[in-house]
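Q: Sequence:
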Amino acid sequence: MSEIITANGSLLSLDLSATDREIFMAIRNQSGLSRVEISKVLSLSKGAVSKALAKLQEAGLVDEEREKPGPRHSGQPMIRIRMRPDAMRFIGLNLSTRGAYVAVSNLASEAVWNSPCYPLEQSRDGIVAQAVELIREAKRNAGGTDIGMFVPAIFSASEDILEVTPKQASIPYHEIRQELVAQFPQSSVVVSSRADIMQSALRPEMFGKVLFLVSFSDGVGGHIFDRNRVIRGGYNQAGNIGGMVPETGPRPSVTDLADMLGCDPLELDPGRLEELFDAGHKPLMDWIESRGATLSEPLSAVVQLLNPQTIVLGGNFPNPVLSALRQHIDLSVYDVPTRMPLSKPDIVISDVLGEASRATASAILPLAKYLSYLD
Numbered sequence: 026m027s028e029i030i031t032a033n034g035s036l037l038s039l040d041l042s043a044t045d046r047e048i049f050m051a052i053r054n055q056s057g058l059s060r061v062e063i064s065k066v067l068s069l070s071k072g073a074v075s076k077a078l079a080k081l082q083e084a085g086l087v088d089e090e091r092e093k094p095g096p097r098h099s100g101q102p103m104i105r106i107r108m109r110p111d112a113m114r115f116i117g118l119n120l121s122t123r124g125a126y127v128a129v130s131n132l133a134s135e136a137v138w139n140s141p142c143y144p145l146e147q148s149r150d151g152i153v154a155q156a157v158e159l160i161r162e163a164k165r166n167a168g169g170t171d172i173g174m175f176v177p178a179i180f181s182a183s184e185d186i187l188e189v190t191p192k193q194a195s196i197p198y199h200e201i202r203q204e205l206v207a208q209f210p211q212s213s214v215v216v217s218s219r220a221d222i223m224q225s226a227l228r229p230e231m232f233g234k235v236l237f238l239v240s241f242s243d244g245v246g247g248h249i250f251d252r253n254r255v256i257r258g259g260y261n262q263a264g265n266i267g268g269m270v271p272e273t274g275p276r277p278s279v280t281d282l283a284d285m286l287g288c289d290p291l292e293l294d295p296g297r298l299e300e301l302f303d304a305g306h307k308p309l310m311d312w313i314e315s316r317g318a319t320l321s322e323p324l325s326a327v328v329q330l331l332n333p334q335t336i337v338l339g340g341n342f343p344n345p346v347l348s349a350l351r352q353h354i355d356l357s358v359y360d361v362p363t364r365m366p367l368s369k370p371d372i373v374i375s376d377v378l379g380e381a382s383r384a385t386a387s388a389i390l391p392l393a394k395y396l397s398y399l400d
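Just so you know, we're using the working numbering here: the sequence shown kicks off at 26 and counts up by one.
What you were told as hints is all true, and nothing was included just to trick you.
Calculated pairs, DSBU-like style, for lysine-lysine (alpha carbon to alpha carbon, straight line, at most 35 Å):
1) K164 with K234
2) K76 with K394
3) K234 with K394
4) K93 with K71
5) K307 with K369
6) K234 with K76
7) K369 with K65
8) K192 with K164
9) K164 with K394
10) K192 with K394
11) K394 with K65
12) K65 with K76
13) K307 with K192
14) K394 with K71
15) K65 with K234
16) K65 with K93
17) K234 with K192
18) K71 with K234
19) K164 with K80
20) K234 with K369
21) K93 with K80
22) K80 with K65
23) K394 with K80
24) K76 with K93
25) K80 with K234
26) K76 with K164
Quick list of the computed label-pair ranges, beta carbon to beta carbon:
27) I104 with A283: 51 to 61 Å
28) P102 with S75: 13 to 23 Å
29) S75 with E200: 45 to 55 Å
30) I104 with A182: 43 to 53 Å
31) T44 with E314: 44 to 54 Å
32) Q82 with R297: 45 to 55 Å
For the record, the hints were derived by calculation from the structure and aren't laboratory data. Values in this document were obtained by computation on a predicted structure and should not be read as measured data. Heads up, the beta-carbon is just placed ideally off N, CA and C, and yes, glycines get one too.
Please work from the sequences and hints to get the whole structure.
A: Structure (structure tokens):
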């Protein structure tokens, strides 16, 4: 706790320029760069790099450390610059009909603390009060000032919540945001449907790439991320982004699987789904094979239209189910035999799977907003 910045704790108190932020991200993505290497990677003058590093060090975000010379080393050892991950911590909040979750993560998007799953309160006023108490619990346990809240909704250009997905429409997200702003005036409160894609896009190994994330939850939706910003997309809003065009059959959502199994979607949490998968549950296995084929055409269309470097599969299914689904996806459906085919993107599994991990991902929203990756 002693390493957390306490002057305000908010990113907005740092007063970093665009160049300062760019240099910070370079250090975050590749720990141990030297000043010369930063200058070369970002095409900046050494003076600009030194000025920015002075501000980042003053803010407590980075440290410099001289390399230990080897036995045959001559000359001055190189000075390496590393981010201090726990210099700041952020709170992530996720409220859904499956439960209420809060988490704290650091500048490296590592989970520092997670709450248990709490049943969602029944009344609208009760949910608002529960959200405030969850934020206070996070602050007591692990610190953190700026708040990110995942909201499965369509937003206006001015960030107003326009339409919440039907399954979560009973949750008063607008009132929750207003109350969090009122109760925590020193905090930046960022609400967005893009927690999943930002968690992937700001991972060092994916940073700067063109990504297409498709999320299989109560519905199916996706996001297009082009190197440094989300172009289009919304949680469970596949119709808005063309992520399931052509429509080749039932979309592989938790709701779709529940209909096939004849149960309530709330029964199919990631733990239960993993149990069924490990047991070789035949209806589940048949569903995986069928829906993998269903995904081949729309994801092949994504390859032809966007040619992303990586396709990310996420949502509320556990890793084994999504990995098995991946095995049945063919990205070459629209290849033309007489032409050289496009290079196929990697298909990877998101580390945001289930509502609990989405709370952790939500904690990245203030950082993404501050760094201008989130419109």
